[in-house]
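Position 21 of the sequence shown, counting from 1, maps to 21 under the UniProt record's numbering, and the rest follow consecutively.
These are calculated hints, taken from the structure and not from any lab test.
Here the structure is a predicted model, which means the values were calculated and not measured.
Glycine included, every Cβ here is placed at the ideal spot set by N, Cα and C.
There may be inaccurate statements among the hints.
Claimed, not checked - Computed Cβ-Cβ distance ranges for the label pairs, DEER-style:
| # | residue 1 | residue 2 | range |
| --- | --- | --- | --- |
| 1 | Asp8 | Glu35 | 12 to 22 Å |
| 2 | Asp6 | Val32 | 14 to 24 Å |
| 3 | Ala41 | Pro21 | 26 to 36 Å |
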Amino acid sequence: VIPAQDYDFLYQNGASAIFGPGTVIPVAAQKVIAELDRRHA
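Please build the complete structure, drawing on both the sequences and the hints.
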């Protein structure tokens, strides 16, 4: 589990999304696919 106080650091260093406890897997998968599409468009 990644502490919330580390989120800004991760985003500033290239993370596009952070999925914590309680993440709904289908929603996370859609976000990952959308990000891949955006990066490879």
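Outcome of the hint check:
Look at Asp8 against Glu35: about 18 Å separates their beta carbons, and that is inside 12 to 22 Å. In this structure, Asp6 and Val32 meet the distance hint of 14 to 24 Å, their C-beta atoms being roughly 20 Å apart. Evaluation of the 26 to 36 Å hint for Ala41 and Pro21 yields a pass: the beta carbon distance comes to about 31 Å.
Taken one by one, the earlier hints all hold for this structure without exception.
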